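Enquirer: Here's the letter readout for the chains.
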Amino acid sequence: KQEVTQIPAALSVPEGENLVLNCSFTDSAIYNLQWFRQDPGKGLTSLLLIQSSQREQTSGRLNASLDKSSGRSTLYIAASQPGDSATYLCAVRLSGSGNTGKLIFGQGTTLQVKP
Amino acid sequence: NAGVTQTPKFRVLKTGQSMTLLCAQDMNHEYMYWYRQDPGMGLRLIHYSVGEGTTAKGEVPDGYNVSRLKKQNFLLGLESAAPSQTSVYFCASSYLGNEQYFGPGTRLTVT
Numbered sequence: 001k002q003e004v005t006q007i008p009a010a011l012s013v014p015e016g017e018n019l020v021l022n023c024s025f026t027d028s029a030i031y032n033l034q035w036f037r038q039d040p041g042k043g044l045t046s047l048l049l050i051q052s053s054q055r056e057q058t059s060g061r062l063n064a065s066l067d068k069s070s071g072r073s074t075l076y077i078a079a080s081q082p083g084d085s086a087t088y089l090c091a092v093r094l095s096g097s098g099n100t101g102k103l104i105f106g107q108g109t110t111l112q113v114k115p
Numbered sequence: 001n002a003g004v005t006q007t008p009k010f011r012v013l014k015t016g017q018s019m020t021l022l023c024a025q026d027m028n029h030e031y032m033y034w035y036r037q038d039p040g041m042g043l044r045l046i047h048y049s050v051g052e053g054t055t056a057k058g059e060v061p062d063g064y065n066v067s068r069l070k071k072q073n074f075l076l077g078l079e080s081a082a083p084s085q086t087s088v089y090f091c092a093s094s095y096l097g098n099e100q101y102f103g104p105g106t107r108l109t110v111t
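Quick mapping for you: the protein sequence lines, in order, are chains A and B. Its first residue numbered 1, the first sequence is counted upward by one per residue in this note's numbering. Its first residue numbered 1, the second sequence is counted upward by one per residue in this note's numbering.
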């Protein structure tokens, strides 16, 4: 059974610092991996999607990497800002799930960026 | 485009009452999903649909029913609400199982 783990559960950093959020999964047979952001009391906003054949994706100050063989993904945030404070979730889509697109979520890392 | 919308935003039910949550998307997506989010449990898939008129069970389907009569709408029903169904419910949609787009959520309390 696929399990997705995000460590740490919470992280606090000063403004301007570069940081890395970690996501690990137990079954390397994934179709893709998606990183989301969730603000308190809000829905999920998709940040980046990495296909299984890709090694990384970039969007602005965000860079996500994928290493299928080791079951790991990282989300790198450059020059962090207080507005980056949120919970970050990763989710994997299993390659054996047909075309249903079902996602398995980690429990998230709550990030606080202090001014 | 409004994206994915959910109604209502908040609801309080008494045990045994019924209700329907509505999800609508205007992106012409084939696939739609209902999740619940609980502290310490993360997001879990309740039911999903890969097209109009089709539905399937997810990880935690018990106590819920769904219908997809129109491509743009996905309804989640609770026939007899229980306190264990107190949660935040999210709807999502995707194009053929690719990147998922989420609605703002419905916060449900069952007393």
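FYI, nobody ran anything at the bench for these hints, they're computed from the structure. Be careful, since some hints might not be right.
What the hints assert, rightly or not - These stretches of chain A come out as covered by chain B in the derived footprint (C-beta under 8 Å, 3 or more residues):
| hint | region |
| --- | --- |
| 1 | 60-67 |
| 2 | 75-85 |
What the hints assert, rightly or not - Straight-line C-alpha distance at most 25 Å; calculated PhoX-like pairs for lysine-lysine:
| hint | chain 1 | residue 1 | chain 2 | residue 2 |
| --- | --- | --- | --- | --- |
| 3 | B | K57 | A | K102 |
| 4 | A | K1 | B | K57 |
| 5 | B | K70 | A | K114 |
| 6 | A | K102 | A | K1 |
| 7 | B | K70 | A | K102 |
Values in this document were obtained by computation on a predicted structure and should not be read as measured data. Positions of the beta carbon are idealized from the N, C-alpha and C atoms, including for glycine.
Enquirer: Examine the region 75-85 of chain A: at least three residues should have C-beta closer than 8 Å to a C-beta of chain B.
Expert: It is violated, with 0 qualifying residues against the three required.
Enquirer: Against the 25 Å threshold, does the CA-CA distance of K70/B and K102/A hold or violate the hint?
Expert: Satisfied, since the Cα-Cα distance of roughly 21 Å is no more than 25 Å.
Enquirer: Could you grab the alpha-carbon distance between K102/A and K1/A and see if it respects the 25 Å cut-off?
Expert: Between K102/A and K1/A the Cα gap is close to 14 Å, so the pair holds against 25 Å.
Enquirer: For the pair supplied as a hint, K57/B and K102/A, confirm whether the alpha-carbon distance does not exceed 25 Å.
Expert: holds (11 Å)
Enquirer: Mind taking a look at whether chain B covers the region 60-67 of chain A? Criterion is 3 or more residues with CB to CB distance under 8 Å.
Expert: Check failed, 0 qualifying residues.
Enquirer: Hey, K70/B versus K114/A, does the alpha-carbon distance stay inside 25 Å?
Expert: Violated, at about 46 Å.
Enquirer: Do the alpha carbons of K1/A and K57/B lie within 25 Å of each other, as the hint requires?
Expert: holds (17 Å)
In summary, the numbered hints that this structure violates are 1, 2, 5.
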